[in-house]
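Asker: Chains D and A, in that order, are what the protein sequence lines are. Mapping of the first sequence onto numbering that gives the first Met the number 0: residues 0 to 367, in sequence order. Mapping of the second sequence onto numbering that gives the first Met the number 0: residues 0 to 367, in sequence order.
Please note that the accuracy of each hint is not assured.
Claimed, not checked - Calculated pairs, DSS-like style, for lysine-lysine (alpha carbon to alpha carbon, straight line, at most 25 Å):
hint : chain 1 : residue 1 : chain 2 : residue 2
1    : A       : 169       : D       : 324
2    : D       : 359       : A       : 359
3    : D       : 224       : D       : 73
These are computed hints drawn from the structure, not numbers from a lab.
Protein chains: 2
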Amino acid sequence: MRPQDLSSFFDLAPAGRTLAEVDTPVPVIDLDVVAHNLSRWQARCDALGLANRPHIKTHKLAPLARAQIASGAKGITVQKLGEAEVMADAGISDLLLTFNVVGRAKLERLAALARRTDIAVVVDSDAVTEGIGWAGETAGRQIRVLIECDTGAGRCGVQSPAAAMSLARKIASSKGLRLGGLMTYPRTGGRQQMAAFLAEARDLMRADGLLVETVSTGGTPDMWKDDGLSPGMEYRAGTYIYNDRSLVASGAATTADCALTVLATVVSCPTPGRAIIDAGSKALTSDLLGLSGYGVLHGAPEAVVYAHSEEHGFVDVSKLPTPPKVGERVRIIPNHVCPVSNLFDRVVIIRGEAILGSVKVDARGTVW
Amino acid sequence: MRPQDLSSFFDLAPAGRTLAEVDTPVPVIDLDVVAHNLSRWQARCDALGLANRPHIKTHKLAPLARAQIASGAKGITVQKLGEAEVMADAGISDLLLTFNVVGRAKLERLAALARRTDIAVVVDSDAVTEGIGWAGETAGRQIRVLIECDTGAGRCGVQSPAAAMSLARKIASSKGLRLGGLMTYPRTGGRQQMAAFLAEARDLMRADGLLVETVSTGGTPDMWKDDGLSPGMEYRAGTYIYNDRSLVASGAATTADCALTVLATVVSCPTPGRAIIDAGSKALTSDLLGLSGYGVLHGAPEAVVYAHSEEHGFVDVSKLPTPPKVGERVRIIPNHVCPVSNLFDRVVIIRGEAILGSVKVDARGTVW
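Isolated chain D, as found in the complex:
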């Protein structure tokens, strides 16, 4: 089956006629692989009756957020206000911000967003809840809040179902807030523990007469596993749209599912086994995720980026029958694709070997 053509979602600028004409380093994104990844996951969500709320931190591209919605996603997930603002500007109207919004400046921005779109947020303490309540009252409308639960990842979140219950009561009695349910980012491999926590919190809330509108879970590494899905009602996955070396290693994807590669040029072959490319830590990041090295060559995973400095990648080409020469192009599958999108102002969109054009990374640089 030919994948759906996603190019109509993009307004593309020229980027050279062939990969050899595209300047490096730059991420190139294969739209057919993206379409395959989106439809495969949406089909699973549909079959399971799970609401799909993809995390756009991975791509930061308004066209791909629209493609996700068009292919069946209920809404999107964002990790910061800047991403929410960009996606609201792009016409996405159902947003979940899975990060505590804290501080006057950010709460004012949240209130402004709440006036113009449907944005839900998370809370895990009285202090954060009071701030969001202030934003809701300032906006003149109730902001939907989900209680973040620490179900094993050891990051944010209330520490027990009883604490979730206590915070739920506070939310339900806050003028500027509407209780939206429960949210967690599970520890990879920790689904059973997560499910037990969430089921207990949900049951406590229901027994108290509180509505549990949704139970939102997530994570790409475990998204294809069947255990512990209940009581999840909504799933947030981000990396699945592109996939990466870490997901290939964990079995959640194959290299054929990796939609984003970093196009680089070989700039030096100082010894027979060593090729130096123009993609270092400022292109690939230093994320290891338990792997050795910083990426592998697309089509030749035996060639590993075994070290890097800021602008140099060191590739072990000793196992390649024909090592690349100075001037040749290679494509790297990065360890972790999400922070790579965060490093580039523009990305190149391809289909197979054909260049479709380049596009601005809409939500990059929106940290502040």
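Got chain D; can you put chain A on it based on the hints?
Answerer: Chain A only, in chain D's frame:
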């Protein structure tokens, strides 16, 4: 002695009256610490008779490049054409690009730069040399090239003094090129090996009647060490302007010398010993440089950012007498400061606790 006031180099936009009003996460740069770091290193270069050619990849700010020149630097070092273009636009006229320029698009940009400024580059192979020669002929002027030598770092560079000599002859006979000398990025702790390689290459070239205009070495970690400085004639240091946790660990700086910290907000205190801040891998990077964790609290190095995800930093506050609460601000000294500058569109300039304003990171996002 009061440090030199560097604020006159900046055209600053407002950024709040106090650190509590500045939105997070954002790097804040203390200009007095910068001034101290610049003057201390320049004084050492002057005393040693070393030309100072600071690497601007660390800060990417035209105002700080101008401040470095004003305080006595001979010129600057850049790591890619985009940085060179931005700095040339800012009026810096003596540039060394320490990266092989490869490929038609980049060589055309190099030729355009060579027409309007004094830009030198490095080469380590016939292929790269021929490309630069083409750029020089296209520009209608000779481009100065230094031969990059691999003196132990295992990155780019010719592998022996004899290979350097051979490449020097090729450069000397190329119409579009002028031989500029030798360049290396030494292995940290590998100064003696470096010095022996460079001295042999220099002597071979001199014996052949070739002029060795400069011998350019570099590296912040070893910059205060006295051994193996000769035959270096020029020194490229980057990180010294800000310093970071890795340089404190190696003894090249103290925490008081760390000019850049990442201002962050505590957004969650899920357990007594754990504080979660809004600075994760997309603010601090995942660079480890042999350290444990991703940074420490400014003023409280016993509080380590022991883990992070993309937008969350996990801080161990168990050793602090008064752990911070939700909403409080903290400042993080990152492991490696250079890639942090690469993540932010704007930085905040301070002096002690006083906010002077914010400024655009001129050369960020110039990868492509």
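Asker: Do the alpha carbons of residue 224 (chain D) and residue 73 (chain D) lie within 25 Å of each other, as the hint requires?
Answerer: 21 Å, holds
Asker: Does residue 169 (chain A) pair with residue 324 (chain D) here, judged by a C-alpha cut-off of 25 Å?
Answerer: Holds, at roughly 20 Å.
Asker: Hint check: residue 359 (chain D) vs residue 359 (chain A), CA-CA at most 25 Å. Holds or violated?
Answerer: The hint holds at about 19 Å.
Checked against the numbered hints given earlier, this structure breaks none of them.
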